Amino acid sequence: MKIELTKVYYEEKDNIGYIVINEPPANKMTSLFLKEFTYLVHEHITQSKVKGIIITGKGRHFCSGADVDQLQEMVATNCIMSSEGDLTAYPVWYVDNRMAFDYFSQLNIPVISAINGFCIGSGFELALCSHIRICGNGAFVGLPESTFGIMPGVTGTLRYLELIGLGKSLELILNGDTFYAEEALKIGVIDGIVNKKETLTYCEKLIRFILEDDKPYSKVNVTEYIKRFNEIYYKNIE
Amino acid sequence: MMEKQQSYLLIQNSTAYLYISNVSNILNFKEEIDENITNDKVNSLVIIWNSLNSHSNTTTKDEKLEIYRWLNTLKIISVAVVDADCSGDLLELIMICDIRLGGNKLSIKFPEDESEFTFNFEERCNLLMGTDRISISYNSLLKSTLNHQEVLNLGLINKVINTEGLIDEIEAYINKLIGNKSIEQINSIKKCFNNYKRLGLSANRELLLVEECKQSCYLIAKKYLEK
Numbered sequence: 088m089k090i091e092l093t094k095v096y097y098e099e100k101d102n103i104g105y106i107v108i109n110e111p112p113a114n115k116m117t118s119l120f121l122k123e124f125t126y127l128v129h130e131h132i133t134q135s136k137v138k139g140i141i142i143t144g145k146g147r148h149f150c151s152g153a154d155v156d157q158l159q160e161m162v163a164t165n166c167i168m169s170s171e172g173d174l175t176a177y178p179v180w181y182v183d184n185r186m187a188f189d190y191f192s193q194l195n196i197p198v199i200s201a202i203n204g205f206c207i208g209s210g211f212e213l214a215l216c217s218h219i220r221i222c223g224n225g226a227f228v229g230l231p232e233s234t235f236g237i238m239p240g241v242t243g244t245l246r247y248l249e250l251i252g253l254g255k256s257l258e259l260i261l262n263g264d265t266f267y268a269e270e271a272l273k274i275g276v277i278d279g280i281v282n283k284k285e286t287l288t289y290c291e292k293l294i295r296f297i298l299e300d301d302k303p304y305s306k307v308n309v310t311e312y313i314k315r316f317n318e319i320y321y322k323n324i325e
Numbered sequence: 073m074m075e076k077q078q079s080y081l082l083i084q085n086s087t088a089y090l091y092i093s094n095v096s097n098i099l100n101f102k103e104e105i106d107e108n109i110t111n112d113k114v115n116s117l118v119i120i121w122n123s124l125n126s127h128s129n130t131t132t133k134d135e136k137l138e139i140y141r142w143l144n145t146l147k148i149i150s151v152a153v154v155d156a157d158c159s160g161d162l163l164e165l166i167m168i169c170d171i172r173l174g175g176n177k178l179s180i181k182f183p184e185d186e187s188e189f190t191f192n193f194e195e196r197c198n199l200l201m202g203t204d205r206i207s208i209s210y211n212s213l214l215k216s217t218l219n220h221q222e223v224l225n226l227g228l229i230n231k232v233i234n235t236e237g238l239i240d241e242i243e244a245y246i247n248k249l250i251g252n253k254s255i256e257q258i259n260s261i262k263k264c265f266n267n268y269k270r271l272g273l274s275a276n277r278e279l280l281l282v283e284e285c286k287q288s289c290y291l292i293a294k295k296y297l298e299k
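Protein sequence lines correspond, in order, to chains B and A. The first sequence maps to residues 88 to 325 in my numbering. The second sequence maps to residues 73 to 299 in my numbering.
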């Protein structure tokens, strides 16, 4: 089964669902992408019977973030500000996007992001909503929103908090830090680095390994799954 | 020269440096700090432990609650700096602040029992260390004493700083953090994190995420209108 939209497609193969951001080379999250992505989640993925999900980007990059100019216009023209300058209403579609992203973090089947190249801003927020993030060498990740005068808005702040705690999250969000995969692994916002030519294959094998485990899948055991899988994966490569 | 065992407030380059030798000292300066925040004169509050006395347990429960409520709703960034043994009231205080910096002499002694904390210890630990990749259970922290490197590895403190040139070190850290961000941007990011601090990570997800959504839209709209 394959559902192909303009900027994203969803395909099911052997009980695994693949969500592919499809606007290479940069795979920017335009308003059309966000609409299509929300539609895919609401209408298809929530009804799916797959046992695991892999999120990735077509081509060299996972996603270079939102189209900021387009996003600004869309949000600003749909917000209501009081005469004192306070925000009194914000767009429903913005909440829908956030819910579509967060849907994955709450699933009880494994969700893995296979990341190559750039994965920043809202692209990284989507990756943060998966349970495991595997980067190809040279991948570049982070939430730089605050350097543009704004802040992450689709679960990024909460996912950072859940992964690395208050102090470090606030520091990274305020600094708008972006980093290469090695640093991201040290900080604890990704779970592994592999050869970039093998990122997707590694993730496919990892998800199968998790599904073959005797015990039911639990997000809490992610570090343990990866450790056990690597012992087999790298032994086979040798 | 600073005198030890003294409490005082110093406003320098948009940062309020509050030196304390007793946690309840904070209440003496709360009003002055609030006034500076209202007038947009400060964008960060640095609370520096200025005493060699490692164990301070003289703050009443009402005083603690007042301080914690204040810090949990503060519009600016709160940073705790300690380079000494840390336990009792002081430990609670640093666990309430947004960011913790420690010197080489920092050592944290956790109490025997979680009932000794005014707040829910498990929730605070989840908030400070995260919930997804936690390497140690909050229970195992009880009764333990950890040095600066151990608490850094657990994510309980952000950074180990050189206390020789304390103010320069803190200033460099704050400058990197705040950069040229507007007070509005800092306030929005803080409102979002204050919501997490207030509700705790076990709260309903929609309630947790509503502030991020609101503040993010607010900043985007403001930026667009400024064009």
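These aren't lab readings, by the way, just hints derived from the structure by calculation. Just so you know, these numbers come straight off a predicted model, no measurement behind them. Glycine included, each C-beta is placed from N, C-alpha and C at the ideal position. Errors might be hidden in some of the hints.
As the list claims (entries may be wrong) - Reference listing, derived: stretches of chain A covered by chain B, where coverage requires no fewer than 3 residues with Cβ under 8 Å from a Cβ of chain B: (1) 130-143; (2) 167-177; (3) 284-290.
What the hints assert, rightly or not - Under the rule of at most 27 Å between Cα atoms (straight-line distance), these lysine-lysine pairs were calculated in the DSS-like manner: (4) B:94 / B:122; (5) B:122 / A:133; (6) A:299 / B:273; (7) B:292 / B:89; (8) B:273 / A:113; (9) A:263 / A:248; (10) A:299 / A:147; (11) A:136 / A:102; (12) A:102 / A:263; (13) B:136 / B:292; (14) A:253 / A:102; (15) B:122 / A:299; (16) B:273 / A:248; (17) A:136 / A:113; (18) A:147 / A:215.
Which hint numbers doesn't this structure obey?
1, 5, 6, 8, 18
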